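> Sequence order for the protein chains is Z and R. Just so it is clear: in the first sequence, position 50 is 49 by numbering that gives the first Met the number 0, and no numbers are missing. Just so it is clear: in the second sequence, position 11 is 10 by numbering that gives the first Met the number 0, and no numbers are missing.
Mixed in with the good hints there might be a few duds.
Coverage of chain R stretches by chain Z, computed from C-beta distances (three or more under 8 Å per stretch; other residues unrestricted) [unchecked claim]:
{"hint": "1", "region": "11-21"}
{"hint": "2", "region": "25-32"}
{"hint": "3", "region": "37-48"}
{"hint": "4", "region": "63-71"}
{"hint": "5", "region": "93-107"}
The following residues of chain Z were derived to be distant from chain R, with all beta-carbon distances above 10 Å [what the hints assert, rightly or not]:
{"hint": "6", "residue": "N16"}
{"hint": "7", "residue": "S43"}
{"hint": "8", "residue": "H78"}
{"hint": "9", "residue": "A104"}
{"hint": "10", "residue": "E108"}
{"hint": "11", "residue": "V115"}
{"hint": "12", "residue": "G136"}
{"hint": "13", "residue": "L246"}
{"hint": "14", "residue": "D272"}
{"hint": "15", "residue": "E282"}
{"hint": "16", "residue": "K312"}
{"hint": "17", "residue": "F346"}
{"hint": "18", "residue": "G385"}
{"hint": "19", "residue": "P438"}
Partner residues aside, some chain Z positions facing chain R, computed with beta carbon under 8 Å [unchecked claim]:
{"hint": "20", "residue": "A122"}
{"hint": "21", "residue": "G123"}
{"hint": "22", "residue": "I125"}
{"hint": "23", "residue": "R151"}
{"hint": "24", "residue": "R152"}
{"hint": "25", "residue": "L153"}
{"hint": "26", "residue": "R171"}
{"hint": "27", "residue": "I172"}
In case anyone wonders, no lab produced these hints; they're calculated from the structure. Just so it is clear, the structure is predicted and the values come from calculations on it, not from any experiment. Backbone N, C-alpha and C fix where the C-beta goes; we use that ideal spot for every residue, glycine too.
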Amino acid sequence: MANTYREHIVALDELPNVVDELMRDALPLGCYATEQNVRTLFASRDGVLALRSALAPGEAWNSLASHHPFFANHEREMHALQGIPVLASPDDRPLYFPAEAIPEATVAEGKGISAVVVGPVHAGIIEPGRFTFSTGGESVVHIDAQLSYSHRRLEPWFEGRDALALVPHVARICGNCSVARSWAYARAIEDLGEIELDDRSEFARMVLAEMERVHVHLFDIGSIAAGAGYGAGTTAALGLRERINQLNRATSGHRLLFDSIVPGGVKAGVLADPGSVRVALRELRDDIARFCDALFSKRSVLRRLEGAGIVEKSLARRFAAVGTSARASGIACDIRALVPYGVYRRFAFSEERASAGDVYARSEVRVREIERSFDLLDRGLRELDGGEVPTPLPVRPVAGVVTMVVEGARGAESISLELAPDGRVERLHVISAAYRNWPLVTRAMEGNIVPDFPLVNKSFNLCYSCVDR
Amino acid sequence: MSIGKFGRSLGIRHLVCGSCNGCELEMNALAAPQYDISQEGWSIVASPRQADVITVTGPMTAAMRLAAQRTLDAASDPVVVVAIGDCANGDGVWCEAGDAGAGAGRKLGAAIGVRGCPPSPDAIREGLRAAATLLDGRKS
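Generate the whole structure from the sequences, applying the supplied hints.
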């Protein structure tokens, strides 16, 4: 495995200039703290680069967010969890709030402006978040999104635990991006241990990851149909997704593919019959294509999608957005193409993009990505046919520090891991695509009408569990 | 089904208390044509006031304690709490991890538990049927 992680030591006073420079071309992944250091992470074609800056106990951190708003939540988290004072932050509200408290919301003020609060418990089957809408008539002027209702202080809890014993936990940080995150975690452990996987295990991992992408994208498309008020589309999408979930169970023993990627390879017994999976997927592919054609050629649906919730390319860039949400605004950020890993390194993988940045563009990118996933699935399953997927290699954790990033259904999913010589976790930091993209959701709604919030929100369909942890 | 009593139709309010969203994915699958709970007269309702059943997931988080209790308080009697998934039932991977609680279903007095990580849609449907049976006994 090519080691794609490097560290540069950068003194605190030099950091802003180095960050300014890197922000031009590289994709920032965030910054996180340990007891002695803060690491500011970037991904580019050369792999992941960490700028390591020593921070003495009690020493303050000069906010990077004052110039690059992308870093704001990362810095709020360093303050909340490691107690690091952050100077000149544009957003110094506490990231988490105490039990039994009702946190204040920011609201717009002005003549004719009123505020409406929704959540944290919602009318659907969705995770908890509180949205405070400042509206003028039907138009949204500002939205305050209060997340962190799912915060469990998991990262401090990881510390001191055996890295291999945490494998099932990592798979359950978020149900939407489980396979992607398990893959990033496995790669982190394997990278430190200089473990190379055989081709069949790598192909099996790609198959599992692409099956996750298809079922999540389909769910999102169904949710967009719901947001547009087209229930028949939602039902049909859920029916197609259910067929994948049943196939997942037959393939991996789990409907959502939890625990299927483990350090050293894939879970024993996974993808035992690739030929039958390939046949089932071919039929499913045709049905999904027919469904997407029908849904996205329906005029009443299109009229709701087009022009709703526009994310300008400059906004997506400013917040270093990732995944389908960024690609729909023309940004190239697919980790499978940008920092290829596993078998993606062998393909000339070209990512799907659109330019309009509206709900339709985000739908369109997903539809095309499903097509690409089926191409990859067909290729991967052909490679696996007529042989067995090896049982996972024995893995002994090796001390070190690494960040690995993979492309989940929502975008870049990164894991930063610091291991002690005895295989215990000194730091395990998880930043999800949803974490990176939340600032877009509220801004995309400005100037849109209140009834379009479910539609615009669902066109991102961001998770909460991996954001709050 | 007894049309005269409407006894087995359910209004369901869903309450997420630190779940990973896996249980929610499977709850959502109940609307797929393969399960289609609307045929049972069940629907996900927009207010706890309309609920016969509160489904709850996750270990419970500090931040959700207040909202969860208020949801329960707002529900009109009789209401049955159904704990969905291992976390809500007290032995999922996140129970008592960090400052997570020991199971939201336990905390909120769940009468019915559906196990699994996450439970399958079939298992959730069975749990909801058990809730309907329980309510049959409580309603006049």
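> Which earlier hints can't be squared with this structure?
none
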